[in-house]
Amino acid sequence: MTFGPGGATIDRFIDWLGSRSAEQLERALRLLPRPRPADVKAAQRQLLVVRTSAAANQSLNKSLRDMWSQSDARDVLGADFIVFADAVELAGRAVLVRHRLAPETFDLIVRPFRDAGFDFDQEA
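Everything in the sequence shown is counted per numbering that gives the first Met the number 0, starting at 0 for the first residue and increasing by one.
Because the hints were derived from the structure by calculation, they are not lab data. Computed from a predicted structure; not experimentally measured. Some hints here could point you the wrong way.
[Unchecked claim] Okay, the calculated beta carbon distance ranges per label pair:
1) Arg-44 / His-98: 27 to 37 Å
2) Gln-69 / Glu-25: 29 to 39 Å
3) His-98 / Glu-22: 28 to 38 Å
4) Pro-102 / Arg-11: 26 to 36 Å
5) Ala-101 / Gly-77: 31 to 41 Å
6) Asn-60 / Arg-99: 30 to 40 Å
7) Asp-120 / Ala-78: 31 to 41 Å
Glycine included, each C-beta is placed from N, C-alpha and C at the ideal position.
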């Protein structure tokens with residue numbers, strides 16, 4: 000895939016998500032702050048302002064779509080799947096532009112997945 004900076008981390012993140020059990024997915028969902036606190040909303044707004052290449056966005060979307068199609072996450076999470084998938088997509092975008100985000104912005108966006116056990120700082 001054409002991810003550019005952070006590509007190896009995105010690949011690991013998608014593989015990690017795809018290998019989660021139903022219980023692990025439900026735990027990760029529970030780690031998402033709801034309702035979203037103001038600082039998380041502000042971090043997400045900052046992320047959405049940062050541009051990424053069309054190729055990187057397309058690769059991320061395709062990889063996530065492929066992973067979700069092979070996962071039982073939709074069945075496991077039910078109506079909460081869309082909330083979870085949105086948080087995953089935002090975390091993927093944050094990895095793509097991590098080098099252009101303030102560290103605290105990146106951390107706020109990826110914190111639920113970090114708390115669920117994924118290491119965004121591990122070298123590929």
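Hint check:
1. A C-beta distance of roughly 19 Å is found between Arg-44 and His-98, which places it outside the suggested range of 27 to 37 Å.
2. Distance hint check for Gln-69 and Glu-25: the Cβ-Cβ separation is about 18 Å, which falls outside the suggested range of 29 to 39 Å.
3. Range check, His-98 to Glu-22: about 34 Å between beta-carbon atoms, so the 28 to 38 Å window is met.
4. Between Pro-102 and Arg-11 the C-beta distance comes to about 20 Å, which lies outside the given range of 26 to 36 Å.
5. A beta carbon spacing of about 35 Å between Ala-101 and Gly-77 agrees with the range 31 to 41 Å that was offered as a hint.
6. Between Asn-60 and Arg-99 the CB atoms are about 20 Å apart, so this pair departs from the stated range of 30 to 40 Å.
7. In this structure the supplied range 31 to 41 Å holds for Asp-120 paired with Ala-78, their Cβ-Cβ distance being about 33 Å.
Taken one by one, the earlier hints fail for this structure at numbers 1, 2, 4 and 6, listed in ascending order.
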